[in-house]
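Residue numbers (numbering that gives the first Met the number 0), protein chains in the order written: chain A, 0 to 642; chain B, 0 to 487; chain C, 0 to 123.
Check the hints yourself; a few may be wrong.
[Claimed, not checked] List time: in silico PhoX-like cross-link candidates among lysine-lysine, alpha-carbon distance up to 25 Å:
no.: 1; chain 1: A; residue 1: K451; chain 2: A; residue 2: K383
no.: 2; chain 1: A; residue 1: K453; chain 2: A; residue 2: K383
no.: 3; chain 1: B; residue 1: K68; chain 2: C; residue 2: K117
no.: 4; chain 1: A; residue 1: K451; chain 2: A; residue 2: K382
no.: 5; chain 1: A; residue 1: K382; chain 2: A; residue 2: K453
no.: 6; chain 1: C; residue 1: K116; chain 2: B; residue 2: K39
no.: 7; chain 1: B; residue 1: K154; chain 2: C; residue 2: K117
no.: 8; chain 1: B; residue 1: K68; chain 2: C; residue 2: K116
[Said to hold, decoys possible] Here are a few chain B residues that sit away from chain A, every Cβ distance over 12 Å (derived from the structure):
no.: 9; residue: D2
no.: 10; residue: F30
no.: 11; residue: R36
no.: 12; residue: L58
no.: 13; residue: M176
Just so you know, the hints here were simulated from the structure itself, not pulled from any lab data.
If you're wondering where the values come from, they're calculated on a predicted model, not measured in any experiment.
Where a beta carbon is used, it is the ideal one built from N, C-alpha and C, also for glycine.
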Amino acid sequence: MGIDLVGMEDVWILPAIPFAVFILVSFFGRLIPRNGDFIAVLGMALVVLLVGLVLVDFQGAFHDEVFAPIAGANTYSFDWIDIGDGFFVIEFSTYVDAVTMVMLPVVSFVSLMVLVYSIGYMKGEARYGWYFAALSFFVAAMLLLVISGNLLQLYLAWEGVGLASYLLIGFYWERQSAAEAAKKAFITTRIGDVGLLIGIILLWRVTGTFDIQEIIHAAEEGVFGQTYLTVAMLFLFAGAAGKSAQFPFHVWLPDAMEGPTPVSALIHAATMVVAGVYLVARMLPVYDEVLIARDVVLYVGLITALMAATMGLVATDIKRVLAFSTVSQLGFMFAALGVGALTAAMFHLFTHAFFKSLLFLGSGSVIHATEQQEVGELGGLRKKMPITALTFTIGSLALAGIPVFAGFWSKDEILHDLQHYGPFAAYVILAVTAALTAIYTTRLVLLTFFGKPKNEQAYEHAHESPPIMTGPLVILAVLALVVGFITYQGVGESLGFVGGIGELVYLPHHGPHVFKLDIAFAAVATATAVVGVAIGIMYWWGDARRAIAAQSWAPELHQLLVRRYYLDELYQGVINHVVLGAAAVVAWFDKRVVNETGVDGSTQFVGFLGYRFKFLQTGRIPHYVLGMALGVAALAVVAIGTT
Amino acid sequence: MTDLLGNDLNLQYELLGPEIALVITAALVLFADAFRRELKIGQSAIPAISILGLVVALLLSLLWIDENKDFARLVTIDNFTTFFRVLFIAVTVVVIIGSHEYIERRVSHLGEFYSLLLLSTVGAMLMAGARDLLTAYLAIEVMSFSLYILVSLAKSDTRSGEASLKYVLLGGVASAMLLYGLSFLYGVGGSTQYTEIAAALSDGTSTLELPLLLGLALIIAGLGFKASAVPFHMWTPDAYEGAPIPITAYLSATSKAATFALLLRWFAGPLLPAIDSWQWMISVLAVLTMVIGNLVALQQSNIKRLLAYSSIGQVGFMLMAIVTISDQTGSALLLHLSGYIITNLAVFMGVIAFYNRTGREEIVAFRGLAQTNPYLALVITAGLFSLAGMPLLAGFLTKFILFQSVVSGGYTWLVVTALLASTVSLYYYLQVIRQMYMYQPEGDASRWRLSPTGYLATGAMLVGVVWVGVYAAPFYTAADRAIAPLFT
Amino acid sequence: MLPTDQLFSDYVPVLIASIAGFILVISALIGSRLLAPFSEEREKGTTYECGMLPLRRASTNVGNRFYLYGILFIIFDVEAVFIFPWVLTFVGVGPLAYWTMVTFVAILGLGLAYAWKKGALQWR
């Protein structure tokens, strides 16, 4: 190959760069001019460059057929911890294949765009340097996650991105809601993570390895029992669903919008939330062995996609609409994975990353200009902020699935695969969801950029964002326009790429997945999207008279959606009543015994037992002893009962 | 030299070098303090003498690496003993360095404080080394009696005396249970020597099922008290809250580790043949301990009580290793124990430094610490995250290895329970971290610094937490070599 | 190794003795309650049952320091318990026994010296 500077073996350097930036900026940020923001940006640009080189190397290797596209021979590893004579080996290992090669450009490029944009957006904020440091930490963890060759290292990075997300959602910790949202996100995803960890341990228990490829191999050899593997993969999926905000863990993502908007664009739209998709995609050969688990992935994806889209219809916060849309689109990807359509899922992940981060950054631009994020306070902004309006509209068209724009191609693929490999109902549900997507997207654009300004003051205040912010918007808008068809079959080839994404990303036992644009099918999909857009225009054009009328037509339904199916309340109730209740009951005895000692407790005690028992004035020690005695008795009973 | 039964006794006193050195140091410290005016020495000479003695003891214990000898059939000197000797000495050194400032200001009776600390270290070391039931019992009492007094030494804190009284009374009950259990065991095994009990129990001729079971229940209860396993844990929050904070740290480290050393010695040695009888008892204890410890911790508002319950929860995790005892779980337990001790000391050293400055110990008092002292906030956060089991910190790796070994021992359901319990634990650790990072400081918001000894202790522990988390191999090798003599 | 029944049968006399003891005490108490004459007078309730009023409360404060003396005394008392059997056997056991006892007494002596220095023997 021409450029051997950085090959696939050297990807470990990718996370190392932002991590070094993190150390540098967080510890010495005060000493560096501008708190070191330019270091973060330059570091990221270097990463993008290196990813480009790795990509070239990958394509070369692909041409030379050095390795089978998915069972890569391009791992790099060393024993990080080897203890107990091989009882417990943790390798640091990297693994690069086509799935990785989809993730790497997405993560690095979107990160670069977001960092550049943040220079404008975060200008003048307190803890400006810390923001860039935390963002670099996130990118480092995310890159590590993507290149991990073994599950333990992946878990480590997994927790790392969770921690970064926690720190960044809680960035504005002066706001109580931000602090609460950060905690909610962290704990909700952690519940999923426990599942992931259990899954990893279960897989390790049988195979004795954490290496992903070896586990896949073992699963294909039939080393596992069916039921055992199903359970393990379901646990693994719990982790993925937690991170990717799938039902029933989706509640944290809308609240996570408390973080700065560029953070939402990077972490909660393009990268971290797709980690779950990535994990399932990575383990898809194993899911293929246990179809029950794969079906669960499908159904969870479908439920989430539909549910989130309906909630997106009524949300009034511009960022929350986008958050629901993200949840819904992630549901699309899981649904695709649920029928084994790896290619379609990764393709949608790829295109979605660009147009969704574009939409978030666009909404950030609006918020930056007006300091409003309720759609009820916006409107008519296209005159004041033409670039933002134009790019945002492009992103919306991509999301809605209008032809030529990126989203159309990938969404079409998913629907196509679902129709072929999935149950018919699944296809119908996703098609309906696609129409709903077009509706709420149109609504969002109309309410924000068209119509009359609803808040004159905010409107007067509004202005176009500085070039450092609109620059990334324009770049991403171009990409949202083109990435769909250039990676699609045929078009990409003519532009000099190896081939469509379908020739790179596929499961070995399925063979390359050649996209064929089924004109009739695409026409139906397009029609769905167009109808959606039309409905959106019909209801929300101008003063949105029809939408308001529709609202009062079924207020209960509207309320159900606004309250997000009451799931947040349900969870909070469970936590309050069950978990904290149990804790309170358990704590009751301790409280009685413990907190009321001292003068207060002993006088009561004395009053109760009287003068004669003065020698018992020791607080509640008798209770303690009683507890111990009962404990011994219980132990004896257990002992006699079990032998 | 032979004993009455005609067994040869090895009276090589250098085998007990570390213990003897520490006892002599303890006496020296006591007299140096008593005659301070006559000898014209300052206050800080006393911790200096203690540390000197500890270093000598450390060197003396390193002499016996890879040896396997016994002293007069009472104490074994093998890698297991050496591991714990080093561990206990290190803990005491850290506690002394990190709490120097605290002790000068808030503890009465300096000389007694340091000498009792040294004596309880001797007790802990002998607990790890004993090979005879009575020696082990006496070692427990040496450690416990020193601790009973140490708990009461907080100047001008009424809770301290109360805590001490509770601790001593309940400790007495527990000792009685333990001793009663041991007498049953003696009746069944016909000897107080570990090796002979093991032989008696494994030859299968014993028909003494019931006394053995009762003895086991009593022994587990007695040791459960020392390890603060539910339902024998009730003294823990009181004693932790009332004791001077360095002693709380010491209780949560040495006292706990010594109990686990004893548990390992007994349950991998003399009691191993009866594994079917006690496996369920300890599983029940482990589940109760991790569930109740972690749930009650949710309700706490005092940092010391919170850490008390969190340490109870951690004991539940460690008991799992006893349930599935083998050389794998044993070394995993030793590794986890070391990681846990380092982590816990990191948190406690941070809390001590905080208390020195503010004199407060409620969780809300930590508000805005990230602004007034970011370094200290970082230390405490790293410690708490490590306790919660976040990757790259000691707590994750050691806990993970522990859980894995339990899974491969066939107790997956225990590990699932443990994982759920440790998710709950994240919630309350996060509460403290939130106070530090997500609120404005109350009152004085100016920056402040730690004392030099404070920096030394917290810095060393912080490095330790990260080191074990990132590169635990040397620790594991040590643990592996330490556990080997128990399973040969 | 003893079989279970024999291990427990050794304790049967102890059990019989304790049960007999309980029965004796309880029957004595019940018997006196049933047989003895009772008269309910005010004087019966006073300390000396004869109308003489006590001057102070029966429970008086004992100086805290008394316990220190008590403990120091008991330590040396217990030491004697060890020394008596030692005196009878140490010649046979040899020099080790001699030096062990010397160490033991020396440790106790040091303890006494420490207590003395701390002022435990001063009655203030």
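Okay, the hints, checked on the actual structure:
Distance check on the hinted pair: A:K451 and A:K383 sit about 12 Å apart at the alpha-carbon level, within 25 Å; holds. Restraint check: the Cα-Cα separation between A:K453 and A:K383 comes to about 14 Å, which is no more than 25 Å; the hinted pair holds. A distance of roughly 41 Å separates the Cα atoms of B:K68 and C:K117; the hinted pair therefore is violated under the 25 Å criterion. Between A:K451 and A:K382 the alpha-carbon distance is near 11 Å, which keeps this suggested pair within the 25 Å criterion.
Note on A:K382 and A:K453: the hinted pairing holds, with a Cα-Cα distance of about 14 Å set against a maximum of 25 Å. Restraint check: the Cα-Cα separation between C:K116 and B:K39 comes to about 16 Å, which is no more than 25 Å; the hinted pair holds. A distance of roughly 18 Å separates the Cα atoms of B:K154 and C:K117; the hinted pair therefore holds under the 25 Å criterion. With a CA separation close to 41 Å, the supplied pair B:K68 and C:K116 exceeds the 25 Å bound.
Chain A leaves B:D2 outside its interface by the beta-carbon criterion, the shortest separation being 34 Å against a cut-off of 12 Å. Every C-beta of chain A lies more than 12 Å from that of B:F30, the closest at about 35 Å, which supports listing it as non-interface. No beta-carbon of chain A comes within 12 Å of the beta-carbon of B:R36; the shortest separation is about 38 Å. Even its closest Cβ contact with chain A, about 27 Å, leaves B:L58 beyond 12 Å, as expected for a residue assigned away from the interface.
With 12 Å as the threshold on Cβ separation, the claim that B:M176 sits away from chain A is violated: the shortest Cβ distance comes to roughly 6 Å.
Going down the numbered hints, you'll see the structure goes against 3, 8, 13, while the others check out.
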